[in-house]
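Listed below are the residues making up each chain.
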Amino acid sequence: MRGSIRLKERAIEGALFLSALFSVFITLGIIAVLVFETYGFFKEVSIIDFLTDTQWTPLFSEKHFGILPLFAGTFLTTAIAMLVALPVGLISAIFLSEYAPDGLRAIIKPMLEVLAAVPTVVYGYFALLFVTPLLQNIIPSLSGFNALSPGIVMGIMIIPIVSSLSEDSMHAVPMGLREGAYALGATKLQVAMRVVVPSAFSGIAASFILGISRAVGETMVVAIAAGLQPRLTVNPLVPIETVTAYIVQVSLGDTPAGTLEYRTIFAAGMSLFVVTFALNILSYLLAKRFREVYD
Amino acid sequence: MKRSITALLVVITALIMSGRAGSAADLIKVDGSSTVYPITEAVAEEFQKTERGNIRVTVGISGTGGGFKKFCNGELDISDASRPIKESEVALCGKNGIGYIELPVAYDGLSVLVNPKNNWVDSITVKELKKIWEPASQGKITRWNQIRAGWPDKEIHLFGPGVDSGTFDYFTEAIVGKGGASRGDYTASEDDNVLVQGIATDPLALGFFGVAYYDNNKDTLKLVPVDDGNDANGKGPVLPEYGNIVAGTYQPLARPIFIYVAKKSADKPEVKRFVEFYMKNSGELSKEVGYIALPQKAYELALKRFERKLTGSVFGGHGATVGVKIEEILKRE
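Protein chains in written order, with this note's numbering: chain E, 1 to 295; chain Z, 1 to 333.
Chain Z on its own, in the form it takes in the complex (with noise of 0.2 Å):
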């Protein structure tokens, strides 16, 4: 909450002097994911400081597909995504003229929470997430004890991102097996922070976003460990720590989250420079902020990807693919 009233008054200052300093600095505009924002955000700000205020960048956050819609108008130099570019997204970009280079710039652990008074949960399988949140179960789902026996006779109160959001695409696609197929009845939005504030304040909560929100409220929230069923992928409940993603067990919650770069913008010198500081600092401020490094092999060439400026996306537009790898990324380079 904090963060994002901070991010309100940093708008208000900086339209205020936009109006004022006119275009005395760069603007470098990106917008999307709100799970890809820490990073970005991260990266903007000792990016900011080391260019000396000469070029701004203001980072947004639309949801992946706000702003990709926005990204395909030609409104954004970059578009941060928590999934890869989906098919209507290639369209639009495609009847723009608008190339886009991809570029993945860490791995998050798609993170499942409840409140920390609650005392009955303490891992959860994907059969009863899919359970859960699937669209059937709308209006019937309703209570602790109708998903496990022994859980409580209580109300559970769902949140979650809403429709915008890659997240919720990753999510819907991971656990009820069909991108976008949730149910309705949930708390939706596509800012994390009113999902933390949501499920720190509610015993009866359960909700999932991005890890590195988490990470930044260890102390309101409690992190549920996931079950796949599937013990090639690691034995019972998994949590979404480092180990865990890097060695590729927690699935199918782990997934690569990404930054697209327009190719006209990828000409402008500032966007440049922002875009090889970013690949060269991404591994260190992911890790800050809470999520997954990618192996540096693959920040370089991601970087190589970009200085040849090779548009398209290795996932073939498809969206949100489960089950990728951090060696696959490399492959795919």
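Isolated chain E, as found in the complex (with noise of 0.2 Å):
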């Protein structure tokens, strides 16, 4: 009786640890076969064209192959989605954690949690058909493609990752820590800008840097609002074209399997996928380095 136990629990345990191997193994793989068609990639291409070329004309007779533009779409939409998403999300999350009675807080946060819920191909018809257009009626120069909208419209999306992940890690402050400084005097907004939000700042800064990642990696909204127009710009009026919308516009057409055409989209997820490697490691350590424990 007791070794079947036992033996059931073994059982459990294996095939716990099989699951979480498998997630494991995924992950390799993808490194595994990203590395393996970069690396046929970079056999044809300099690297140094690739990092300093500023044009990317893979597709056409006039082939070059420097990924500067599309690094300069995916940083350009996502600065202007942080800049709409981080004051934003933090806003709401320091008026749920701090000022909402708990009725609000009940219904508002889960409001703000559906704007994660939408399908992000909605999203990119929003910005193209929507804000586009209003957009138009304030700036008359405004390209019908560009990367102000997309890039408004993802900040949106990205609202509920700042303000959830924020007013978790705000909320879990002791309440002793609040206390303290009413004692001494403070007043509520005293409170939350200068103990809560510095006690919680680990929090805040993994949502922003998820907030960043998820924005480097958005795909759809770009891909049909932007322009699909590799350019190497800050202006955010005119057509541009992202890494992830690249990767969309190749996948869809009939690029043959093992052309250097076709090995281009994953040179552009492997520099991509560095980058929200770096930001990940960047998240851990700024975890790690202003983490305040209570206990």
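Just so you know, the hints here were simulated from the structure itself, not pulled from any lab data. Warning: the hint list may mix true and false statements.
Only pairs whose alpha carbons sit at most 16 Å apart, straight line, appear in this in silico EDC-like list of lysine to aspartate or glutamate [unchecked claim]:
| no. | chain 1 | residue 1 | chain 2 | residue 2 |
| --- | --- | --- | --- | --- |
| 1 | Z | Lys263 | Z | Glu307 |
| 2 | Z | Lys140 | E | Glu62 |
| 3 | E | Lys63 | Z | Glu134 |
| 4 | Z | Lys140 | E | Asp168 |
Now the stretches of chain E that chain Z is said to cover, found in silico as 3 or more residues with beta-carbon under 8 Å [claimed, not checked]:
| no. | segment |
| --- | --- |
| 5 | 36-43 |
| 6 | 220-231 |
Bear in mind that the values here come from a model prediction, so they are computed numbers and not experimental data. Backbone N, C-alpha and C fix where the C-beta goes; we use that ideal spot for every residue, glycine too.
Using the hints, put the two chains back together into the complex; each one sits in its own frame.
Take a look at the structure:
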């Protein structure tokens, strides 16, 4: 009897271990494919050209393999998105954690999180068919495809990531800290800004970086509304193309597998992976460095 | 845009239905050029109505190149093409043993378009188009005043079909002089509705696509007459209108468009009925969607060709062929 229970226990542990191992293997597999195809790519294209050429036209007769215009597009839309998501997300988090009564918090928080549940293709058409025409009333020189409108919409999409995670970490700040500050005569705003936000900093920073990773990796919104035109610029009013949008564009076409054109998407994907991986490490280090331990 | 959303819904519904209804209805699979799509779609709609839903026709828009790729892999019954089949595709079809029957369905005037707010362009020459689109212009010709003195010192935003598109192949062949030779720094999409949307919302835009997409969006686009500098083909700038295309003066951008029927599929009764229906109604329906119908005789000859299952291309498998006038189509049959 005892033996069979132990055996069962073992089997369950084994199954759990295998499923954990499974996702590790998938990750390793993805990295292996990326590295393999990227290696094939760099056998034909010099890495210096890849990093310094200012044009990206691998599908055309005048071939250039400079990734800079694509990353310019990615960083431009990401910067715009974060200009929207960071302040709005942080302020809503402070409001929800420090000001909102519990009843209101229980309603608003799930509602904010619904924003994250909207499919990104819907956000894409929302940017193209609603936000862009709206912005054109204010900025007449805005192109129909541009970085500004998908950037803003991406920011809206990312608000719940920032607000929800920041709010969680603010909520976890012990009441004792707040009460201590109140006892010293601090106002509610002072408590929020000088006690709660600094104490929750590691969580807030992690939410910021998660938001940035989300923006860097976002695909559908920019593929639909940003213009699919690789261009090295910081002007948010003209068509651009991001790394992710390029990968979509090539995957949708009939570029034959194994060609140099086909490998460009792996080189682009690898570069993107390096960037998001660096962001993840940064977030991990930040969280560790600024972690406040209460016990 | 609305159309592509509708198309998406249709596809989704079709997918759901196909899961449920199984093989209750015969299915004809068509894919390829987005230029030919409006005609094939119109024919398919009418056809499905007359067949009372017993035969289903799905029409995709992978571009001419994308369509031929699937076609030569035996995935399609019919491939829509806005240029004749080219060598690499002939080879692929040959390798896989796919015979094809080439049928011209209409004439297109490949159109050059700008935004209606553009008040400086009232015509453009073939030379200027070449200067805009040739590979050497990449990253260099970026402002309107570089193309013609007197045009404003403003950025030019270019829109065009992607490299899988037959329209792209034809345009580069006709304008730049070499099929596939184009600059790469423009907004490229195989979906013409994306190009329409881009040009309609950008005052600095210039782009090109099949005339049917202009026909559907006359209020939001401005059509530009093209001057080929050859007075034998009509003096001065010419618009892609019915009379000019029939008379052969809209050169070099007037071109025949095709469907390619797989020889194996031609034996299926539903495909046979569809192609016969296509040849009988294409004249009427191509006019309706904005293209130029071929003379009645051409459809009759094409139908005969289909009935005799004559495979191969009258264009010799060389891809985009510039300057084919309507009467030549008849001669080549």
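Outcome of the hint check:
1. Proximity of lysine 263(Z) to glutamate 307(Z) is assessed by CA-CA distance (about 11 Å); at most 16 Å being required, the pair is judged to hold.
2. Annotation: proposed proximity of lysine 140(Z) to glutamate 62(E) holds, straight-line Cα distance about 13 Å (limit 16 Å).
3. Of the pairs offered as hints, the one joining lysine 63(E) and glutamate 134(Z) holds, with about 13 Å between alpha carbons and a cut-off of 16 Å not exceeded.
4. With a CA separation close to 52 Å, the supplied pair lysine 140(Z) and aspartate 168(E) exceeds the 16 Å bound.
5. Using a Cβ-Cβ cut-off of 8 Å, 0 residues of the segment 36-43 of chain E lie near chain Z, which falls short of the minimum of three, so the contact claim is violated.
6. Against chain Z, the segment 220-231 of chain E contributes 5 residues with a C-beta closer than 8 Å to a partner C-beta. That satisfies the three-residue criterion, and the hint holds.
The earlier numbered hints that this structure contradicts are 4, 5.
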